[in-house]
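Enquirer: Sequence:
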Amino acid sequence: MITEQQEVARYRIAERVQAAEARALLRQDTTRTSPREGLAGALRKLADRLEPASRRLTEPATRPLTESQPRHRGTGLSIVR
Numbered sequence: 001m002i003t004e005q006q007e008v009a010r011y012r013i014a015e016r017v018q019a020a021e022a023r024a025l026l027r028q029d030t031t032r033t034s035p036r037e038g039l040a041g042a043l044r045k046l047a048d049r050l051e052p053a054s055r056r057l058t059e060p061a062t063r064p065l066t067e068s069q070p071r072h073r074g075t076g077l078s079i080v081r
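In terms of UniProt numbering, the sequence shown opens at residue 1 and continues consecutively.
You may find that some hints are simply not true.
[What the hints assert, rightly or not] Here are the computed distance ranges between Cβ atoms for each label pair: (1) Gln6 with Gln28: 30 to 36 Å; (2) Ala22 with Leu46: 31 to 37 Å; (3) Leu39 with Met1: 55 to 61 Å; (4) Leu43 with Met1: 58 to 64 Å; (5) Thr3 with Leu43: 29 to 35 Å.
Keep in mind that the hints were calculated from the coordinates and are not lab data.
Please read all numbers here as calculations on a predicted model, not as lab measurements.
Glycine residues also receive a C-beta, built at the ideal position from the N, C-alpha and C atoms.
Please put together the full structure from these sequences, using the hints given.
Expert: Structure representation (structure tokens):
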């Protein structure tokens, strides 16, 4: 036998699943409004398929190699004598 809380939880989950399915159906039917977005995505996928390794080399480095790595500072607790 299920409790009232479990029954309420089941109904809430069922409602969330129905809402998610409805959103998925709405998004499935929509087409891209901007032709640029579709073209840019297609070109990126094509470039990744053709040369995935070279794309990594052309992207700018996020951190210079000479900069030191951040160090862990310990626990953050100060010892007072």
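Enquirer: None of the hints should be skipped; say for each whether it holds.
Expert: A quick look at each hint next to the structure:
Between glutamine 6 and glutamine 28, the C-beta spacing of about 33 Å keeps the proposed range 30 to 36 Å intact. Hint check: alanine 22 to leucine 46, Cβ distance near 34 Å, so the stated range 31 to 37 Å holds. Our hint of 55 to 61 Å for leucine 39 and methionine 1 holds, since their Cβ atoms are close to 58 Å apart. For leucine 43 paired with methionine 1, a C-beta distance near 59 Å keeps the hint of 58 to 64 Å intact.
Between threonine 3 and leucine 43 the Cβ separation comes to about 55 Å, which falls outside the hinted range of 29 to 35 Å.
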